[in-house]
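Chemist: Sequence:
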Amino acid sequence: MQLMRGLWRLGWLGISMVLFIAHPPICLAETRPLITTKLTKSQIEQIARQTTVRILTGTASGSGVIVQRQGEIYTVITNWHVVGLSEKLTIMTCDGRRYFPVTNNFVQVGKADMAIIQFRSATPYRTATIHPQPVTPGEPVYTAGFPMYTQYQVETTFDQGIQVFRLTQGLVSLFLPKSLDQGYRLGYTNDISIGMSGGPIFNQHGLLVGINGRLKNRDPDFGVYTFEDNTSPHPEILEQMVGSSWGIPITTYLQFNWKN
Numbered sequence: 001m002q003l004m005r006g007l008w009r010l011g012w013l014g015i016s017m018v019l020f021i022a023h024p025p026i027c028l029a030e031t032r033p034l035i036t037t038k039l040t041k042s043q044i045e046q047i048a049r050q051t052t053v054r055i056l057t058g059t060a061s062g063s064g065v066i067v068q069r070q071g072e073i074y075t076v077i078t079n080w081h082v083v084g085l086s087e088k089l090t091i092m093t094c095d096g097r098r099y100f101p102v103t104n105n106f107v108q109v110g111k112a113d114m115a116i117i118q119f120r121s122a123t124p125y126r127t128a129t130i131h132p133q134p135v136t137p138g139e140p141v142y143t144a145g146f147p148m149y150t151q152y153q154v155e156t157t158f159d160q161g162i163q164v165f166r167l168t169q170g171l172v173s174l175f176l177p178k179s180l181d182q183g184y185r186l187g188y189t190n191d192i193s194i195g196m197s198g199g200p201i202f203n204q205h206g207l208l209v210g211i212n213g214r215l216k217n218r219d220p221d222f223g224v225y226t227f228e229d230n231t232s233p234h235p236e237i238l239e240q241m242v243g244s245s246w247g248i249p250i251t252t253y254l255q256f257n258w259k260n
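In the numbering used here, the protein residues as written are 1 to 260.
Do not take every clue at face value.
To be verified - Once the Cα atoms are required to be at most 30 Å apart in a straight line, the calculated DSBU-like pairs of lysine-lysine come out as:
#, residue 1, residue 2
1, Lys41, Lys216
2, Lys216, Lys111
3, Lys178, Lys88
4, Lys38, Lys216
5, Lys111, Lys88
6, Lys178, Lys216
7, Lys111, Lys178
8, Lys88, Lys216
Stated by the list, open to error - Here are the computed distance ranges between Cβ atoms for each label pair:
#, residue 1, residue 2, range
9, Thr231, Thr103, 33 to 41 Å
10, Gln108, Arg218, 15 to 23 Å
11, Val224, Pro134, 16 to 24 Å
12, Leu171, Thr231, 33 to 41 Å
13, Ile237, Gly110, 35 to 43 Å
14, Asp229, Tyr152, 39 to 47 Å
15, Leu238, Thr59, 26 to 34 Å
16, Lys41, Val224, 26 to 34 Å
17, Val154, Pro132, 39 to 47 Å
These are computed hints drawn from the structure, not numbers from a lab. Backbone N, C-alpha and C define an ideal beta-carbon position, used for all residues, glycine too.
Could you put the whole structure together from the sequences, leaning on the hints where they help?
Modeler: Structural data, given as structure tokens:
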């Protein structure tokens, strides 16, 4: 058994060497870090670049993160508002290749603003490692995705593909005891932009803890800070909520049995 494992590893190393020549090294799968390993921003950026995809529709764009591979089928998590109303979309991976979904019958994760889509590829792409535990306020987090507009919000970035990849660094500001409407529960100080919806949130160990979804400074009068049980937060907490970006914890995906 030890010999077979050693041969398998050597075979995988040989494949990786071939891929290094054929494709940009940014997409190569690498040894996963231990959960206790604190990574640098550069290391986390590499993980984010390899696992984050851009999702293009006819008139808009969003982001997503690869979380599973079964044979040639890859599973991507994104926001429901990115794909829910789209009849046609394209998934762009870290090497710039474009794929169509396996099916346009996308799966919504319960009532959350979270969706599951899949694409088929023989190319080996890295998958994000999921962290099954909740985050804590003050914990460093990194968010990734592809802004839909240029810096001054004048032109779209559709023709720039994956070149507009963005990673931001911040801290967990709030982890609510109960969810807001559509499953939002994870608040953080990172700045995110339109087009980064559905992109990953990583902790300092490079593990996936959530997905982006809502920008900072939304108008409370529109009910975006109302809890899913229709109660309202205390005014002091509301002020902090308004100043935070919002994501959906990855545990929402883990608790959803979408294959049955």
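Chemist: Could you run down the list of hints and mark each one as holding or not?
Modeler: Checked hints:
1. Lys41 <-> Lys216: OK: Lys41 and Lys216 at ~23 Å, within 30 Å.
2. Lys216 <-> Lys111: Distance of about 22 Å is within 30 Å: holds.
3. Lys178 <-> Lys88: Since the Cα atoms of Lys178 and Lys88 sit roughly 34 Å apart, the hinted pair is violated (cutoff 30 Å).
4. Lys38 <-> Lys216: Given pair Lys38, Lys216 holds - Cα atoms ~27 Å apart, limit 30 Å.
5. Lys111 <-> Lys88: Measuring from Cα to Cα gives roughly 22 Å; hence the hint holds.
6. Lys178 <-> Lys216: 19 Å, holds
7. Lys111 <-> Lys178: 14 Å, holds
8. Lys88 <-> Lys216: Holds - the C-alpha atoms of Lys216 and Lys88 are around 29 Å apart, at most 30 Å.
9. Thr231 <-> Thr103: 33 to 41 Å: 38 Å, holds
10. Gln108 <-> Arg218: 15 to 23 Å: 22 Å, holds
11. Val224 <-> Pro134: 16 to 24 Å: Taking Cβ atoms as reference, Val224 and Pro134 lie about 22 Å apart, which means the hint holds.
12. Leu171 <-> Thr231: 33 to 41 Å: 26 Å, violated
13. Ile237 <-> Gly110: 35 to 43 Å: Violated, at about 25 Å.
14. Asp229 <-> Tyr152: 39 to 47 Å: The hinted range 39 to 47 Å holds for Asp229 and Tyr152, with Cβ atoms some 40 Å apart.
15. Leu238 <-> Thr59: 26 to 34 Å: Holds - the Cβ-Cβ distance for Leu238 and Thr59, about 33 Å, lies within 26 to 34 Å.
16. Lys41 <-> Val224: 26 to 34 Å: 30 Å, holds
17. Val154 <-> Pro132: 39 to 47 Å: Because 41 Å falls inside the window, the suggested range holds.
Going through the hint list in order, the structure does not satisfy hints 3, 12, 13.
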